[in-house]
Every structure is written in structure tokens, then in C-alpha cells.
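There are 2 protein chains.
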Amino acid sequence: MTTIALAGAGNIGTGLLRLLSTTSAGKLLRAKTVLVRDPNKSRPGLPEGIAVTTQASDLWNDPEVSVVVELLGGVTDSLLVVSSALKAGKSVVTANKNLMAEHGPELFALARKHGVCLGFEASVCGGIPIIRTMTEALRGDRLNTVEGIVNGTTNYLLTRMSEERATYAQCLVDAQRLGFAEPDPEYDVSGKDAVCKAGILATLAFGGYVDFRQVPTAGIESLELEDIRQAEAMGYRIKLIASARRTAAGFDAEVGPVLLPLAHPLASIRMEDNAVLLESDFLVKTLLSGKGAGPNPTALSLLADLLDLAEGRGRVPSAEHPFLGKAVELLGSQASQSRFYVRTKVPDRPGVLAQVAGLFGKKGISIASVLQPEVPGSTGETLVPLILTTHTTIRSRLNEVLAQLEAEGWGTNVVLRIQED
Amino acid sequence: MTTIALAGAGNIGTGLLRLLSTTSAGKLLRAKTVLVRDPNKSRPGLPEGIAVTTQASDLWNDPEVSVVVELLGGVTDSLLVVSSALKAGKSVVTANKNLMAEHGPELFALARKHGVCLGFEASVCGGIPIIRTMTEALRGDRLNTVEGIVNGTTNYLLTRMSEERATYAQCLVDAQRLGFAEPDPEYDVSGKDAVCKAGILATLAFGGYVDFRQVPTAGIESLELEDIRQAEAMGYRIKLIASARRTAAGFDAEVGPVLLPLAHPLASIRMEDNAVLLESDFLVKTLLSGKGAGPNPTALSLLADLLDLAEGRGRVPSAEHPFLGKAVELLGSQASQSRFYVRTKVPDRPGVLAQVAGLFGKKGISIASVLQPEVPGSTGETLVPLILTTHTTIRSRLNEVLAQLEAEGWGTNVVLRIQED
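Chains Z and L supply the protein sequences, listed in that same order.
When we follow this note's numbering, the leftmost residue of the first sequence carries the number 1, and every step to the right adds one.
When we follow this note's numbering, the leftmost residue of the second sequence carries the number 1, and every step to the right adds one.
Hints are not guaranteed to be accurate.
When chains are identical, the list treats them as one kind, so a pair holds in a single copy or across two.
Keeping only pairs whose Cα atoms sit at most 25 Å apart, straight-line, the calculated DMTMM-like set for lysine to aspartate or glutamate is [to be verified]: (1) K285 - E136; (2) K113 - E311; (3) K192 - E224; (4) K285 - D174; (5) K41 - D174; (6) K363 - E232; (7) K285 - E163; (8) K285 - E182; (9) K87 - E320; (10) K41 - E311; (11) K192 - E182; (12) K27 - E320; (13) K27 - D281; (14) K113 - E400; (15) K32 - E64; (16) K345 - E329; (17) K326 - E311; (18) K27 - E279; (19) K32 - E164; (20) K192 - E102; (21) K192 - D348; (22) K41 - D58.
Quick caveat, the hints were computed from the structure, so don't treat them as lab data.
Model the full assembly from the supplied sequences, consistent with the hints where possible.
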């Protein structure tokens, strides 16, 4: 019997305790202590006999406890709990993407030093076994591409915008009402959540630490229904994609909305679902999809890591662990090559289209398509949308054109990568 | 360093040897011997220094060899090799679905008795880590439903019929030419391949041996383009589905063509791809999809099992191993409840539709839709197709109606399950 302690007793923690009490996993694992912030709060989800404490050190000072489950979120308290537990010789299982993305290298170094394990399956895509697929099932091969829909809120918003032809603002209100978006949605819609997961997935794919703060990130806040509509008219669907690619030029990682061809496996992932597409030398492509969040799927991923420990199958990190590998330098968005979708605004007067086209032409960027939808009642000074797609070009070169456009004072541009194949 | 021996040196075996020689897995695993049928055949895929033998006992009598990889196929030679190896204290890794589906219980009993491991990830859906997802990632939970597209040939045929409005016969010729169907396609198109995989997946889902010979099985040979067309007009796509379900009435398993709603995750799996959808108490739904066959994906799955052994992480089967559990009794198709699609043939004369409808009505089966497409130039005695869908009913009751229809001598009926949700 392995004795565990939980830091945090929210939905995921009580989901895990319910799993232990209702499945055969309870024969191998016993939860002894739960760390909470407010000891007086009623907690009907906690089973009888579990000790409640407000002293974090009760978790790692208890010789009976061999595993600490970290469910605090954030990176301050959680870092203290996880690093103290590892130093005290306890293995740790966590669902904390921020902590892993930011402090993975030092935490794996601590785990290695103290001969204990650090499980983080639950930190990326709740119920989808993406970490163990990358580190176990495919460990014989070299991963070339990981691309995923790893944030449920943004996928929910984009799906509803697409399927109901509703605006971003309308969908956001609905998503908040239904619990698919937080009251303050910024962390999700800006790509901040996705980029933590991108950092973790890229680290595993490339075999060395990828600092998520280096990953170019864009959110979906500036997308308009018009973008969704035009993308679909061209045969694409817009999805917020976290990607990591091994290219001839080097390692590339990115988070942002992308135009995916309708036949792309990620294009049909709907609503709050998550999915990750893996490509390796020997595998061609494999897709894993399902619920990416929620207390139950996340608890199940925690439990898989806990059962590894209870069965003596945990892995003390080796010197070759990806988080302990040499930090990976990314190409950065400037060097990336792609086709692009650009929505800009221009005054509705003669010569402007030629002027804009000339800016692209001078930089050697070939325009693949142009659309200037008719705006009823527009005058020569009305700013009207102009949507362009380019042939393959270098992002830095496109940025120069965009800077020139912005200098005209017509407003900001929306730029999305267009993915081929 | 773990020394392995291969039984069989076909595409999968040479794929595995290539993986060992090109990736870091070669630091942990060394292939010493290959068993072949014809020692004189040129084998450019075999690396220097590997011994070639025609004596199967060379594999299990060699004290240096600790793992035998079985790639012979079939159930006669493979059974001898695998059971002899296990008895000699060698662990075994196999890609052989027939062997596992038919002899799993005795082979796991042997492995348990001799304290060795038996890895079979590669036996179902080549490059998709479905076995380890079911047995590792989700082992904390109870699996309720497994349904999959587990045969690439039939999915290829159904996709082309659907997308090109081509007949079964036309698509089959093309599939054979392109290598997606065998010269004798019977094993694939009849569902015999899929039902072996269904037996293995159902065993893992239910925690006790499911004999594939008890699983009701239908193929796709009698499907006509008309069925594909009508199903799609009604909002369904026809796929050959292997399923295992825990229902209130008991355990259910089945292989056959099914009408899936277009939004069902398996409905969009195209061409030779495979996919498996898992549903458990805590997980909601998770889908794994990718290449289900081919030397490279299959070799990668073999390698994952081999690395487990090389790293000392193989599992000697416990007494609770699903293949060692009490044999599962299936409900059988007669008791299953569903909506059904029926294509029959009737003479094109007055009163026949009322007669057919009466047969259904008398058995208490409610008809949901009827279609009798116009057949140009038909006379009163021409047999014309009549397509019906039913509301939910019991299969045995429907079979009574179908028997009465067949007694009229109008020809055989095609019956497919319609899946809701």
C-alpha cells in the first residue's frame, strides 16, 4: 500500500479521491492527508478519515507519505510544495502545466538528485495519455512534429463562431455562462495556457528543455467572424494550434491561430475537445483526441502516474531526461516560412489596392488571393477590410510589409499562418 | 544489453532491425538470430553479423537470447515458437493477432508460470498504442465501450465507395492493385481480421477472456453502392466497426458494418487509417487514430514492448491479467437492441409495401423511414430495392421478420445496425 498526500482539495483532488474509493486502485493507494487553505470550509467530497491540514510541511515531513500530489496551481506555492517534497525523498505527481513549463528543469534535477519520480501526465490535455504516448509508446523513434489543440476554451469559441456564424463577443459570453470560459478569459484566449503545454510537448519532442517564454504566441482575441467565414470559403478552418517541429533549419515551436485545410485531422476537433497529432520517422501520423480538461479525466491521468509509483514502475529521471537535456534554441517566428492569411483595413478609394499590392511585390512576396468585400455605403475615406493570402514567404519579410501598412494609420492587421497538407 | 531473436524476417522484421540500427534503441537491444523458412533467399534488409537459422529451437535454446520476437503469422508455427520460448524462460513480443485472440489464455498462463513477459502491442492497430493505453493509461478506470475501425482494407474500400460513388467491385480491384487489399481479400472483407482484434480489445475492456469465435461477425461483401448512398442521404456513414460494450444486460461484442452519424468521431476516419474510441467511467471519450498497419508503425509498437523488457519494465502477467480472467459470456447478437437499416427486394406491384409493412407491424417493430427508389422500366414482377429503417428493436425480433421476407423468395436482405449519438 502506497500512502499519498494531496496538496489541494478542489474538483480534481476530490475526483481523484473518488476514483480511489470506487475502483480497485484503492487497494494500492491510500490518501492520508490533504493540504487546504481554509480549514473551516465544508468539504463534502472528502472521505471520512482523511486528515486535513493547513501546514504544507505536514505533507513532506510525514514518513508514512511516499507520494505528494500537487494540485495547487500557480507557480509559487506549488514550487515550494513540489521542491520540498522532492528534497524530502517523496515522489510527486502533478497536474500543473505552469510549474512544469517554467520549472521543469530544476524539478527534474531535484528528482534525479533525490532518486524519486515526478509524474506530469495530467499537466497536458487532461484525459489524453499524450505524455506517456510520447515518452513510452514512441520512445524508440524520433518525433518530428507535434501539433495540437490543447486549450478547450479557445476551441469551444472557434467552433461556435464557425458553426453558428456568431461573433467572438457573443460566443465568449455564452462560454462563460456555460463554464467553458473563465470570468477573466485572458489566460486562455491569449494563448498563455496553450504555450505552457507547447513548452512541455516541445521539450519531450526535441529531447531538451524548451522554455515556453521563447515560443512565439498569439491568441484568438483579434479574430473576427469575417476571418472564420473567409477562411472557410477558402477551404480552411481556423484553430488555435500549439506546434513543435523539427525542420531542416532547426527547431520551431509556435502557438497561434492557424488556417488548417478542412481535411486536416485537427480541423474536425470540435467544441472543448483537445487533440494532439504526432509525427515520427517510423509512425507517419497518430492522433490522440478527447476531453482535455475536467476533474475526472485529469484525475484519471493522475491515477495512472500514481499507479506507476504504487507498482514500483515510476522512472527516476535519467541524465537523458528531456527536461535535463541541453536547452533548445528555437528558430523564432521571424525565420519561419509559411503561407499567410492577412486581414488589413484600407481606405475605399482608387489606387489603394495597387499601393498595397506594390508593398508586397517590392518585398518579393507573391499574393495568392485577394478579397475586398463590398461594404454598403462606404465612401472614399471609409476603412474597408482587405483580405490577402500569400504564397510561401518568410515571416520577417511579411512583417516588414505589415509595418509599412501600419504606418499608414489604417489600423492593425490580423496575420495567420496557413498550413498546407 | 538485451539480446533478442526474431522468428520471421519479412517487412516487419527488417523494419524492426532498421529501427534498432538507426535509433538509440540499439544501445539497449541487440538482434542476434533470425529464423527463416528459406535460408538461400537473398535478404538485403538483414544487417551484417546477424545469424540466420531454419531451426526454430535455435531461438529458445540459446542462453544469450532473452526475448523472442514472433513475426511468423498464422497460429501453427507461431504457437510452437511462442510457447516453446515461454517454457524456456524467454519473454516474447508478438505482432500476431490470430495467435493472441485464439491462444491468449494458454500463452499468458505459460508466461505467468515461467515468470516471463508477453508483449502484444503490435497485434492490434500497428502504430496506435491502443494496448498500452487500455492497460496502462486507463488502468485506474472501468472501460465501458471500445469501438474501432481496426481493419485498413475495409475502411479503404468503404471510403472510396463513399467518396467516388464507385462500386465495391471497382474499388476492390483498385485496392488490390495499390496493395491495400490482398489478392484473396476474404480474410479482411469478411471481418475475420477485425474479429481477432475485437476479441483482444474486448478481453482487455472486460477483464476476462473473450473468445473471438463467439463474437457475431459480418463483413462488407454484400454492401452495395446504393447502401452507402442511402445511408449518407440519411446523415450516416457506413464503417466496419469492431465493438465491445458493457451494457445493463451484459457484455456485448460485435463486428460488422454500422451506420454511424456523420458527427461520430469514427465517421471521419478515412482510407486505410485505423482508430479506436474508448469510453470509461471517468474519461468520457478518447480517440486514438493513425496508421493501423505497415512495417514501420508495427515495428515501432514491437520496439516499445522490447524497450519495456530491456529496461526491466516488462510485466509478468498477474493472476488478474484479463487473458487469465474468467471467460466472458457475451449476450450474442440476438439479444442486442438497436435501430436497424434493412435493404430488401420486393416485386414492384400493388399491395407489396403494405404486406412488408404488415410483417414489421405484427412483430411490434416500428418503421422509422421507407424508401423505394423508382426503377425505370420496372414491371409488376421486377424485384426493386426497398430500404427501411426501424426504431429501436431487438435483433431476434427483426430476424423473424427477415426470415419471413426471405421465405417469399425475393432474395436476401442486407441488415446493418444504426448507431445513435
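Tested hints:
| no. | hint | verdict |
| --- | --- | --- |
| 1 | K285 - E136 | both (16 Å within a copy, 22 Å between copies) |
| 2 | K113 - E311 | both (22 Å within a copy, 20 Å between copies) |
| 3 | K192 - E224 | within (20 Å within a copy, 51 Å between copies) |
| 4 | K285 - D174 | between (35 Å within a copy, 24 Å between copies) |
| 5 | K41 - D174 | neither (30 Å within a copy, 67 Å between copies) |
| 6 | K363 - E232 | neither (28 Å within a copy, 48 Å between copies) |
| 7 | K285 - E163 | between (27 Å within a copy, 22 Å between copies) |
| 8 | K285 - E182 | between (33 Å within a copy, 24 Å between copies) |
| 9 | K87 - E320 | within (21 Å within a copy, 36 Å between copies) |
| 10 | K41 - E311 | neither (34 Å within a copy, 46 Å between copies) |
| 11 | K192 - E182 | within (14 Å within a copy, 50 Å between copies) |
| 12 | K27 - E320 | between (34 Å within a copy, 13 Å between copies) |
| 13 | K27 - D281 | between (41 Å within a copy, 18 Å between copies) |
| 14 | K113 - E400 | neither (48 Å within a copy, 70 Å between copies) |
| 15 | K32 - E64 | within (9 Å within a copy, 47 Å between copies) |
| 16 | K345 - E329 | neither (36 Å within a copy, 67 Å between copies) |
| 17 | K326 - E311 | between (31 Å within a copy, 24 Å between copies) |
| 18 | K27 - E279 | between (38 Å within a copy, 23 Å between copies) |
| 19 | K32 - E164 | neither (48 Å within a copy, 61 Å between copies) |
| 20 | K192 - E102 | within (12 Å within a copy, 50 Å between copies) |
| 21 | K192 - D348 | neither (37 Å within a copy, 66 Å between copies) |
| 22 | K41 - D58 | within (19 Å within a copy, 68 Å between copies) |
Consistency note: the structure conflicts with the earlier hints numbered 5, 6, 10, 14, 16, 19 and 21.
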